[in-house]
Structures are given as structure tokens and as C-alpha cells.
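Asker: Spelled out from the first residue to the last, the chains are:
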Amino acid sequence: MNAALQKAITTLITSMADDALILGHRNSEWTGLGPIMEEDIAFSSMAQDKIGHAWALYRILQEHLGGEDPDQFAFMRAAKDFTCCHLAELPIGGYDFSLMRHFLFDHAEAVRYESLQQCSFEPLQQLSKKVKGELKYHTLHADAWLLQLCRGGEESRQRMQAALDRCFPLAAGIFEPGPQDALLADAGIYPGEQALYDKWLNTIYPLLVNASLNLPDPAEVAPQYGGRYGNHTPHLQALLQEMGEVFRLDPTAGW
Amino acid sequence: MYGGGYIFDEPNKKQLREEQQHDDPEKLAIFEARISKGEKIEPGDWMPAEYRRQLTRLIEQHAHSEIIGALPEGTWITRAPGFKRKLALIAKVQDEIGHGQLLYNAAETLGKSREAMINDLLSGKSKYSNVFNYPAKTWADVTVIGFLIDAAAIVNQVANAKGSYGPYCRALERICYEESFHLKQGHDALIALATGTPMQKDMLQDALNRWWQPIMHFFGPPDKVSQHSEKLMQWRVKMASNDEMRNQFLDTYVPKLWELGLTLPDPLLHKNTETGRWEYTDPDWDLFFKVINGGGPCNQERLQVRRWAEEEGRWVRKALMNPKERRALPVA
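Listed in order, the protein sequences are those of chains A and B. In my numbering, each residue carries its 1-based index in the first sequence increased by 1077. In my numbering, each residue carries its 1-based index in the second sequence increased by 138.
Simulated from the structure, these hints should not be mistaken for lab results. One thing to keep in mind: the hints can contain errors.
[Claimed, not checked] Only pairs whose alpha carbons sit at most 30 Å apart, straight line, appear in this in silico BS3-like list of lysine-lysine:
no.: 1; chain 1: B; residue 1: Lys263; chain 2: B; residue 2: Lys275
no.: 2; chain 1: B; residue 1: Lys409; chain 2: B; residue 2: Lys222
no.: 3; chain 1: B; residue 1: Lys394; chain 2: A; residue 2: Lys1157
no.: 4; chain 1: A; residue 1: Lys1276; chain 2: A; residue 2: Lys1206
no.: 5; chain 1: B; residue 1: Lys165; chain 2: B; residue 2: Lys178
no.: 6; chain 1: B; residue 1: Lys409; chain 2: A; residue 2: Lys1213
no.: 7; chain 1: B; residue 1: Lys339; chain 2: B; residue 2: Lys394
no.: 8; chain 1: B; residue 1: Lys263; chain 2: B; residue 2: Lys428
no.: 9; chain 1: A; residue 1: Lys1206; chain 2: A; residue 2: Lys1084
no.: 10; chain 1: A; residue 1: Lys1084; chain 2: B; residue 2: Lys222
no.: 11; chain 1: B; residue 1: Lys165; chain 2: B; residue 2: Lys369
no.: 12; chain 1: B; residue 1: Lys222; chain 2: B; residue 2: Lys300
no.: 13; chain 1: B; residue 1: Lys222; chain 2: A; residue 2: Lys1206
no.: 14; chain 1: B; residue 1: Lys178; chain 2: B; residue 2: Lys339
no.: 15; chain 1: B; residue 1: Lys175; chain 2: B; residue 2: Lys250
no.: 16; chain 1: B; residue 1: Lys175; chain 2: A; residue 2: Lys1207
no.: 17; chain 1: B; residue 1: Lys322; chain 2: B; residue 2: Lys222
no.: 18; chain 1: B; residue 1: Lys409; chain 2: B; residue 2: Lys300
no.: 19; chain 1: B; residue 1: Lys394; chain 2: B; residue 2: Lys300
no.: 20; chain 1: B; residue 1: Lys222; chain 2: A; residue 2: Lys1209
no.: 21; chain 1: B; residue 1: Lys362; chain 2: B; residue 2: Lys175
no.: 22; chain 1: B; residue 1: Lys250; chain 2: B; residue 2: Lys178
no.: 23; chain 1: B; residue 1: Lys456; chain 2: A; residue 2: Lys1207
no.: 24; chain 1: B; residue 1: Lys456; chain 2: A; residue 2: Lys1213
Everything numeric in this text was worked out from a predicted model, so none of it was measured.
Okay, chain A solo, but in the shape it has when bound:
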């Protein structure tokens, strides 16, 4: 593999892993505080899956692409060196926001990992088979809750619509294009952000319609970009400070 392609794959995997870690971290904040116990447990499971995905992706970086130890890489990096999207960074807010974020993000993940089933970089292709199987349950969960809440009365439907309006530009930011997209597409790694974005819209649109929600017109919405280039909301810095609080007491110690 040439150096340019190696760098491009590293960029892709890092942003996927950072998304999964940061959103998994956010979603884990609901553990013990969910709206009902059964949902508390489900949301916590999915948070664990996400953090597990991040860990597996960082290990691919370490084992195949000359990356750092996953703990050091995740717990010691500065915010500007993270490439997660803004959607993942925001605080959990209310359950409406968290659930809509889960719906939009997990469908984006499902589309991405589906495309990676044919990835020419074998470690990523192998991992994507396992992750795809887990995401199936995440999207089932999201779809069921979306319908339930949108059909459970006017208050909850309005809340979900407001959450969609707020989340959509952020979610479009998941697909922030980068200069490496063409190279990765040519090398058969994955089809690139624009192709995934189109596929994602086609997936979520009928589900939102079925839940009686109005998708904002994608042509009118400015996606919230910046995360892939290390430009973040202030929330990420605060999150990382908290996440690394103990680890940084002595990064060389075993914990």
C-alpha cells in the first residue's frame, strides 16, 4: 500500500472511531438516568457497542497502520486532533435530542458499514461484518422508538420534530467530504461521503414520513461541517477533559 493511500485510510478510520467513541461516551451518560429502566438498559448496551467499535478501529490503526496504543490515542489526544463530527460531541440534552441523534447517526453508520462489506482493506472489511450485525439492532431500536414517540401524542411528536430540525444539519455533517474521498473510492475502500449521504437520505426519508415527521429540505440545509478538520464545538474539549481526568493523573500507570 502506498503512503498516500495509507494516510487516507488512517484518516477515514480515525474519524469513524472518533465518532463512535464520542457518541458512545455521550450515550453512556444516560446509564442509570433513562426514562424507563428497560430503555436505560438498551441505550447503555448500544453505548457499549459504540465504544467497542471505536476500540476495535483504533486497534486496526495500531496493528496495521502504525498507530498508537488505543488508550493513549483516545485518552490523551487534544481536541484539535480529534476528527469526530459535531453531532457526536453535543451534550445529551433531553431524551428527544438523544434519541433523534441515535436514529440519524445509527442509520448513517449502517449505510457506512454496509458499504464497507466490500472494502478492499481487509481488516476494515472483517470488522465491518461484525459491526453491521450489531447496528441492525441499533437501527431497529431507533426505528421502533421513533414511531412509538411520534404516535404517542402531540407533545411527543412535536418534541421529535423539533429534535429532527435541530439534528438534521448536524447529522448532514457526518458526511463532510475530504480530499481523500476520491482516492479511497478509486482504491475500493468505500464509495466516498457524497454517495453515503445520498444513500442515507434515501433510507431515513421513508422512515420519517412513516412517523409523520417532516424532513427539512436537504437543499436548504447547510450541513454543520468542521469536525473532520479538527474544528469542534467547545463541548468536545470539556468532554475530553472529563474522559481523561483519571487517565491523565499518570498516563504511564496501569489502571
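Using the hints, position chain B against chain A.
Answerer: Relative to the frame of chain A, chain B by itself:
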């Protein structure tokens, strides 16, 4: 976790004997004969009113202890150092919520709804294990809770799993299985600190010093002052005395702590080789009762967080109760 060895009672409780008078003596005799034969009592079976009342309270307090017990450790989920600890801690706290769910279900079979139990928790009417009214100040506290409080809870729950009420015993069997895994995780995390850098060792020793008294309180007041009736023992609601459980806990876990070079803040703590019993300085029982009655360092905070969660989730629960209306599809 959890469910301390102490069943809290509301003030002005009805006396056992008064309740007893209303029970049909023939049915009571059959009921007690079944229990003495080691049979399990199931939800549809006849049971004395006092048995139902005591069990409801016991299981309910146990359930509350699980969901409140999730809070002190839960605050460390976002700070757990490294992937391994982070995932283990989320999974552990999630298990505790799962235990709460199992236990509320078991208590519901006795006729009190989950909502009524949660309302009684939030109003302060029903209690939970005292140990969760103390703060988890550092990461080392998480390891002490994960190892020692889970260990203490296992001693209590393994005993209760042999009790007489079928749904509670079955819930406890599954809970004990998961708790024993928590214990391993807690032990592993505690060993990492005990064998780590001087800073980590100090952190752990400090946490142990702070948690020792709450742990000694965990099993409840000494048998000589404990108000549990023989009836509860006979009915196999309470399975072991507070002192017996405390002794069993000390016997298993104190040597493990000493082996790691840790000390415990009680100069009198030792095993009497003649009696085989552990001897120790009595913890401050006035403090124990003060904390039960709301005067602990975190009582208010714990309930406030729980109230926030209930309030924040209200609209979700409302929507779940009302999934009838299928809305018209938007035109475009």
C-alpha cells in the same frame, strides 16, 4: 448490587401480632409447614398479610438500592481510565439497573406497582441501602465499591436466594451470578491500584479508610439491638443475622485486603482464633440511623438525581401509554 442486610421499617408500623390475628390459623399452619419443608411460596399462593408486607418492603428496598446504587458509580463512567475500565463500568452499572428491573418485577407479584414503589422512593417514604448515601470521591472509590460493596451484597443476596418466596429467589439467583462477575472486575481494578504507583496506592488507601465505616454499617445493627423478629427467620424472609453476615464478609475479604498490603482503619480488627469470630470496634450506630433518616452526605443529592430522571422521562412514559393515534401522512 445490593440490598443491605437491614430491612428498614416505616414509623408506626403495625405490630406483627395484630396482623397475625387476622390470618386464618389453618391456612397459616399449612403455609408454615410448606416453608419448613423448604417449599417456595408463589404469587398466587395464600400468605399471611405480614409476610406479604415484609417481603414487599424487603424486595422494594432492594430494588431501590440497585437504581440508587447505580448513581455513585455512574458518575465515574465518563471518567473511567482506559477502554477496558470504561466498558466494564458501563456494563456493571447497566447490570445494576437490570437488577432493579428484575426486583421491581418480583415485588410487583406481591401487589404493589412499580410506579407506586418509585413514588415512595422519591417521596422518601421507602428506603434504600444506606451505603449509597456516601460520595464516590475518586476513581479508587469505584474500585472499593466494586470489590467490597459488591462482595458484601453477595453475602447478603446468596443468603436471601435461599429464602421462601419463589420470584425473589429466582431474581436473586440471576443477580448473584452477575454480581460475582462485578466482584471480579472490582477486584481486578483494585489490584491494579494496590500494585500500582505510590500515587495509586495512596488513592486506594484513602478510599478504603473512608468506606470502612459505611461497609461495617452495611449489614445493619448488631444482633443484640436488631429488631428483626424470629418470625421473619421462621418464614425464611430473613435468612441470616446481621452479625453472621458481617462475620462471613470479614472472614473472606479482610485477609484479601491485608494480602495486598492495605490497612483498615480499625486497630481492634482481628480474628479471635478461639471463637473463630472477628472482633472489631463497633461502628458509630448513631451515625447509621442519622444517615437512614436523611442526614447522610448524599441523601438529598441521590433523590434529586432520581427525581430529575423521573421528571425528564415523564413525557416519554406518557407517550408510551398512548400509542393509539396513527397520524395522517404529510403531503410532501
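Asker: Hint by hint, note whether the structure agrees.
Answerer: A quick look at each hint next to the structure:
| no. | hint | in the structure |
| --- | --- | --- |
| 1 | Lys263(B) <-> Lys275(B) | 28 Å, holds |
| 2 | Lys409(B) <-> Lys222(B) | 36 Å, violated |
| 3 | Lys394(B) <-> Lys1157(A) | 45 Å, violated |
| 4 | Lys1276(A) <-> Lys1206(A) | 19 Å, holds |
| 5 | Lys165(B) <-> Lys178(B) | 15 Å, holds |
| 6 | Lys409(B) <-> Lys1213(A) | 56 Å, violated |
| 7 | Lys339(B) <-> Lys394(B) | 15 Å, holds |
| 8 | Lys263(B) <-> Lys428(B) | 15 Å, holds |
| 9 | Lys1206(A) <-> Lys1084(A) | 23 Å, holds |
| 10 | Lys1084(A) <-> Lys222(B) | 28 Å, holds |
| 11 | Lys165(B) <-> Lys369(B) | 16 Å, holds |
| 12 | Lys222(B) <-> Lys300(B) | 34 Å, violated |
| 13 | Lys222(B) <-> Lys1206(A) | 23 Å, holds |
| 14 | Lys178(B) <-> Lys339(B) | 47 Å, violated |
| 15 | Lys175(B) <-> Lys250(B) | 28 Å, holds |
| 16 | Lys175(B) <-> Lys1207(A) | 51 Å, violated |
| 17 | Lys322(B) <-> Lys222(B) | 13 Å, holds |
| 18 | Lys409(B) <-> Lys300(B) | 27 Å, holds |
| 19 | Lys394(B) <-> Lys300(B) | 27 Å, holds |
| 20 | Lys222(B) <-> Lys1209(A) | 22 Å, holds |
| 21 | Lys362(B) <-> Lys175(B) | 29 Å, holds |
| 22 | Lys250(B) <-> Lys178(B) | 20 Å, holds |
| 23 | Lys456(B) <-> Lys1207(A) | 36 Å, violated |
| 24 | Lys456(B) <-> Lys1213(A) | 27 Å, holds |
When each numbered hint is compared with the structure, violations occur for hints 2, 3, 6, 12, 14, 16 and 23.
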